[in-house]
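Sequence order for the protein chains is A and B.
Position 88 of the first sequence, counting from 1, maps to 88 under this note's numbering, and the rest follow consecutively.
Position 96 of the second sequence, counting from 1, maps to 96 under this note's numbering, and the rest follow consecutively.
Hints were generated in silico from the structure; no laboratory data involved.
These numbers come from a predicted model, not from an experiment.
Treat the hints with caution; some may be incorrect.
Listed next, the stretches of chain A that the computed footprint assigns to chain B, with coverage defined by at least 3 CB atoms under 8 Å from CB atoms of chain B [stated by the list, open to error]:
hint: 1; stretch: 253-262
hint: 2; stretch: 393-400
Keeping only pairs whose Cα atoms sit at most 20 Å apart, straight-line, the calculated SDA-like set for lysine to any residue is [what the hints assert, rightly or not]:
hint: 3; chain 1: B; residue 1: Lys417; chain 2: A; residue 2: His118
hint: 4; chain 1: B; residue 1: Lys8; chain 2: A; residue 2: Val443
hint: 5; chain 1: A; residue 1: Lys172; chain 2: A; residue 2: His118
hint: 6; chain 1: A; residue 1: Lys257; chain 2: B; residue 2: Lys161
hint: 7; chain 1: A; residue 1: Lys8; chain 2: B; residue 2: Leu425
hint: 8; chain 1: B; residue 1: Lys249; chain 2: A; residue 2: Glu101
hint: 9; chain 1: A; residue 1: Lys367; chain 2: B; residue 2: Pro393
hint: 10; chain 1: B; residue 1: Lys11; chain 2: A; residue 2: Asp210
hint: 11; chain 1: B; residue 1: Lys451; chain 2: A; residue 2: Phe4
hint: 12; chain 1: B; residue 1: Lys249; chain 2: A; residue 2: Lys257
C-beta atoms are modelled at their ideal positions from N, C-alpha and C, and glycine is treated no differently.
There are 2 protein chains.
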Amino acid sequence: MSEFSPVKALKSSQVQQWHHEADVVVVGLGGAGVSAALTAANAGADVLVLEIAAAGGGTTALSGGLVYMGGDGGTPVQQACGYGDDSKEEMYNYIMACTGENADEAKVRCYVDNSLDHFKWLTENGVEFKPTFFETKAPQPLTDDGLMFTGNEMAYPFNEKCKPIARGHSPKVEGEAGGAFIMEKLIASLEKTSARIHYSARALSMITNDEGEVAGVVARIDGNAQNIRARKGVVLCAGGFIMNPAMVKKHAPKLSKANLPLGNPGDDGTGIMLGVSVGGAAINMHEGFVTLPYYPPETLIKGIIVNAQGQRFINEDCYHGRTGSYAMEQDKGRVYIICDEETFGYPDEFLGITLLDGAETLEELEKVIDVPEGSLVNTIGLYNKYAEQGIDPVFHKHKKFLKPLKPPYAAFDASLKAAGQGGALYPCFTLGGLDTLPTGEVVREDRTVIKGLYAAGRNTAGLPRTGAGYASGLSIADATFFGRQAGASAAAAEEVTL
Amino acid sequence: MSEFSPVKALKSSQVQQWHHEADVVVVGLGGAGVSAALTAANAGADVLVLEIAAAGGGTTALSGGLVYMGGDGGTPVQQACGYGDDSKEEMYNYIMACTGENADEAKVRCYVDNSLDHFKWLTENGVEFKPTFFETKAPQPLTDDGLMFTGNEMAYPFNEKCKPIARGHSPKVEGEAGGAFIMEKLIASLEKTSARIHYSARALSMITNDEGEVAGVVARIDGNAQNIRARKGVVLCAGGFIMNPAMVKKHAPKLSKANLPLGNPGDDGTGIMLGVSVGGAAINMHEGFVTLPYYPPETLIKGIIVNAQGQRFINEDCYHGRTGSYAMEQDKGRVYIICDEETFGYPDEFLGITLLDGAETLEELEKVIDVPEGSLVNTIGLYNKYAEQGIDPVFHKHKKFLKPLKPPYAAFDASLKAAGQGGALYPCFTLGGLDTLPTGEVVREDRTVIKGLYAAGRNTAGLPRTGAGYASGLSIADATFFGRQAGASAAAAEEVTL
Numbered sequence: 001m002s003e004f005s006p007v008k009a010l011k012s013s014q015v016q017q018w019h020h021e022a023d024v025v026v027v028g029l030g031g032a033g034v035s036a037a038l039t040a041a042n043a044g045a046d047v048l049v050l051e052i053a054a055a056g057g058g059t060t061a062l063s064g065g066l067v068y069m070g071g072d073g074g075t076p077v078q079q080a081c082g083y084g085d086d087s088k089e090e091m092y093n094y095i096m097a098c099t100g101e102n103a104d105e106a107k108v109r110c111y112v113d114n115s116l117d118h119f120k121w122l123t124e125n126g127v128e129f130k131p132t133f134f135e136t137k138a139p140q141p142l143t144d145d146g147l148m149f150t151g152n153e154m155a156y157p158f159n160e161k162c163k164p165i166a167r168g169h170s171p172k173v174e175g176e177a178g179g180a181f182i183m184e185k186l187i188a189s190l191e192k193t194s195a196r197i198h199y200s201a202r203a204l205s206m207i208t209n210d211e212g213e214v215a216g217v218v219a220r221i222d223g224n225a226q227n228i229r230a231r232k233g234v235v236l237c238a239g240g241f242i243m244n245p246a247m248v249k250k251h252a253p254k255l256s257k258a259n260l261p262l263g264n265p266g267d268d269g270t271g272i273m274l275g276v277s278v279g280g281a282a283i284n285m286h287e288g289f290v291t292l293p294y295y296p297p298e299t300l301i302k303g304i305i306v307n308a309q310g311q312r313f314i315n316e317d318c319y320h321g322r323t324g325s326y327a328m329e330q331d332k333g334r335v336y337i338i339c340d341e342e343t344f345g346y347p348d349e350f351l352g353i354t355l356l357d358g359a360e361t362l363e364e365l366e367k368v369i370d371v372p373e374g375s376l377v378n379t380i381g382l383y384n385k386y387a388e389q390g391i392d393p394v395f396h397k398h399k400k401f402l403k404p405l406k407p408p409y410a411a412f413d414a415s416l417k418a419a420g421q422g423g424a425l426y427p428c429f430t431l432g433g434l435d436t437l438p439t440g441e442v443v444r445e446d447r448t449v450i451k452g453l454y455a456a457g458r459n460t461a462g463l464p465r466t467g468a469g470y471a472s473g474l475s476i477a478d479a480t481f482f483g484r485q486a487g488a489s490a491a492a493a494e495e496v497t498l
Numbered sequence: 001m002s003e004f005s006p007v008k009a010l011k012s013s014q015v016q017q018w019h020h021e022a023d024v025v026v027v028g029l030g031g032a033g034v035s036a037a038l039t040a041a042n043a044g045a046d047v048l049v050l051e052i053a054a055a056g057g058g059t060t061a062l063s064g065g066l067v068y069m070g071g072d073g074g075t076p077v078q079q080a081c082g083y084g085d086d087s088k089e090e091m092y093n094y095i096m097a098c099t100g101e102n103a104d105e106a107k108v109r110c111y112v113d114n115s116l117d118h119f120k121w122l123t124e125n126g127v128e129f130k131p132t133f134f135e136t137k138a139p140q141p142l143t144d145d146g147l148m149f150t151g152n153e154m155a156y157p158f159n160e161k162c163k164p165i166a167r168g169h170s171p172k173v174e175g176e177a178g179g180a181f182i183m184e185k186l187i188a189s190l191e192k193t194s195a196r197i198h199y200s201a202r203a204l205s206m207i208t209n210d211e212g213e214v215a216g217v218v219a220r221i222d223g224n225a226q227n228i229r230a231r232k233g234v235v236l237c238a239g240g241f242i243m244n245p246a247m248v249k250k251h252a253p254k255l256s257k258a259n260l261p262l263g264n265p266g267d268d269g270t271g272i273m274l275g276v277s278v279g280g281a282a283i284n285m286h287e288g289f290v291t292l293p294y295y296p297p298e299t300l301i302k303g304i305i306v307n308a309q310g311q312r313f314i315n316e317d318c319y320h321g322r323t324g325s326y327a328m329e330q331d332k333g334r335v336y337i338i339c340d341e342e343t344f345g346y347p348d349e350f351l352g353i354t355l356l357d358g359a360e361t362l363e364e365l366e367k368v369i370d371v372p373e374g375s376l377v378n379t380i381g382l383y384n385k386y387a388e389q390g391i392d393p394v395f396h397k398h399k400k401f402l403k404p405l406k407p408p409y410a411a412f413d414a415s416l417k418a419a420g421q422g423g424a425l426y427p428c429f430t431l432g433g434l435d436t437l438p439t440g441e442v443v444r445e446d447r448t449v450i451k452g453l454y455a456a457g458r459n460t461a462g463l464p465r466t467g468a469g470y471a472s473g474l475s476i477a478d479a480t481f482f483g484r485q486a487g488a489s490a491a492a493a494e495e496v497t498l
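The shape of chain A in the complex, shown without the other chains:
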């Protein structure tokens, strides 16, 4: 297939034969793709889906399945759990606080305005949420409870700007199978439509007409390059690029340090390159989610996290993604979790966070983690002085997690080390991709629309924009909601001429 490349489009005038035709061609059958295809098909479009794997699901199916939803009086689940006072403004402010200067305000506004409708759409398509609350601070519930806090809602500095409101909706299934559950339901819905799905189909290059508008896509199906005419549009939903190390090194070099890529093999950046090949702007490419999910056990949050200077650097009760983002920037990646007998607990063994040793005194503890003499004496001395009073004026950890640390102490090593040197695992994925309008239309650098091209999910830069302000559930919310937007826009588009 060497004559095709995702970075160089084919001209429709060079196409000898169209092997397939459809109104809307969707590339990728993960959370974004299935939502796009389902919406376009239900709008009456003739839809063809190209999925690179032998089955649908994408990275959404590998995830825990949290969906960030709320606003305007709350979803029925929020209402049942006491968060019926949610409002659009509160939700908007929180997502904006999360995404900071990287935010796409128009997308945030659009999602907030339609989030309750999105909850309805998901449930109508079989994705159920149980109206019960999961209390523990954890990356996700392992119960079938339907609602939880999913980010930094309760933590500084977010709690200064926004009222803490739970918006993390977890599908009604136990364990980590929430994402698979969502995909199973949505694909089942799609299969009831007229949409055709080609599995093991890899998109190779875009096809453009003489005006540079997108008229189709070349894909390898059954081992052969086939030209697929998209009369109304191609919707790129082919994921991010965390599985393409060269692309990560080039566009998100800081993520090269993180050592556990989260994704499926299809997250190789092809979808982004395809969009760029026809003039799409790729933005936020340097950003990613990097995490250090050192809790549960929740008790460890009552410990402190220090760096090579023996200093704290973050409120330990913030979201694990925020902790990870800060941790990886510490000098030489050196990060230690300090606890005492009362707060001791082992983090998930899988994560490579290792118990170093116990210590009877702070001086001993300094030796255990090899920080300057006197540094922990200072740090823990000050922390304890304020914890006695139930306050943390230095890093603003919530009083729920404050207690003075007393001997004997213990230290875990959560350092991010170079490849092959051991150290903790820092899972990560990318947050950059094609720039799109809230409609799902892909835009050029000057934000003019590329006719015939749409995108959603991690193929785009969507709602979540930073690791330091990530909230679980933002990615699936973004993928499924803006997948629907893209599918609707493509189905309603006028035909792209050849």
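Guided by the hints, dock chain B onto chain A, whose structure is given.
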């Protein structure tokens, strides 16, 4: 001119008339452009230069004019100043340490291998360097001395990895006129060649042949859009994008916080967009140089810098660009410089670093900068304990700058505040642009070459890649050296057919 756009190329088949023709068309007459044009012309090419301003100079002419050069036994200036032991390996290691995971190893290697020759080329074109050393730690010499340390050479962690060797070459002119001096000399050299220069000429869009190869450029000259045929190539040397706030917000959002863009009005990103419009990959777009040049006076380096937690966060003797990069990431941008009677001095008034107050005790000082009670007692207590011994095991400041701080103290506010809120000035410029080979050829995402297109300087992602590891002189070294490379490559290229 609304029918032309830097993000959409014109097809040569649509060109009715070629208003100008040349072998090599250079866009921009700053450090990169003049070097490209001069080299191409001296190689026998028919060269046409398009400069948007009424005169040449670009951002290089606004700069202090430091050029980072050395390696392999040293330049004559290095030799005269006792740095004749410089080597390619040491220089390579230092630049790689500066650029970290963002580095382009091939470019670094190419520059190191040819740096002494580049010194020769500059001097042959009239850019003289006096063989004397400037000792003071400062952003640049205000004398006509020819050599200085220009970055983090003496500072942790660079001094752990590399032997400190001075490579900052300052042109033989007093004050801040070094950049203007370089441009004056190089433009004078260019004017001796057959190259034609059009001033007040704005590049509007690229022109490509049916293969997508670059065949020319549309420019507005004398108020009219004119089609310019480039037989061998177009060399984009049109600068960075710090003067385009929308582009900064989109591609380098963190730089939106910095409040003093350094550049000329032409640094509006047009050159990068033009390259992207024909398939060029833009990389490192999120990175920039952000600085807090709080010294001179050098004496302040013997003070400490703390954040809202009352903690130090950097060795205060590192390069001001590194300090700035770290400072802007502190909680709420809060940064304070603490000194005592012996180390007191006023930073340059222009920078907006304001004296808050003096204090007789550490407790008073905590109130002056509004940090938690006990925090500065800890920080300064530990700092002083070690400074007495001439060591800083916490942040590794060089012993030359260590002395215990004694009452009375004084505090300056160097915080980065929101627009309109006052605060210190944080000058900045962008470090992202087109991806190029060491030859100056622009490449696509898959690193295949775009025939007919070359670029150099801040139009590209060059040698300097991060603010935290920047060294003064890297940008002009990069612009002038890779400008030469691009000019030579374009002059030697075969003709691009129409």
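Each hint, compared with the structure:
1. 253-262: holds (count 4)
2. 393-400: holds (count 3)
3. B/Lys417 to A/His118: Answer violated: B/Lys417 to A/His118 is near 38 Å, above 20 Å.
4. B/Lys8 to A/Val443: The given pair, whose Cα atoms are some 12 Å apart, holds under the 20 Å limit.
5. A/Lys172 to A/His118: holds (17 Å)
6. A/Lys257 to B/Lys161: holds (19 Å)
7. A/Lys8 to B/Leu425: violated (43 Å)
8. B/Lys249 to A/Glu101: holds (7 Å)
9. A/Lys367 to B/Pro393: Holds - the C-alpha atoms of B/Pro393 and A/Lys367 are around 13 Å apart, at most 20 Å.
10. B/Lys11 to A/Asp210: Holds: B/Lys11 and A/Asp210 sit about 10 Å apart, inside 20 Å.
11. B/Lys451 to A/Phe4: Holds, at about 18 Å.
12. B/Lys249 to A/Lys257: Not satisfied, since the Cα-Cα distance of roughly 25 Å exceeds 20 Å.
Consistency note: the structure conflicts with the earlier hints numbered 3, 7, 12.
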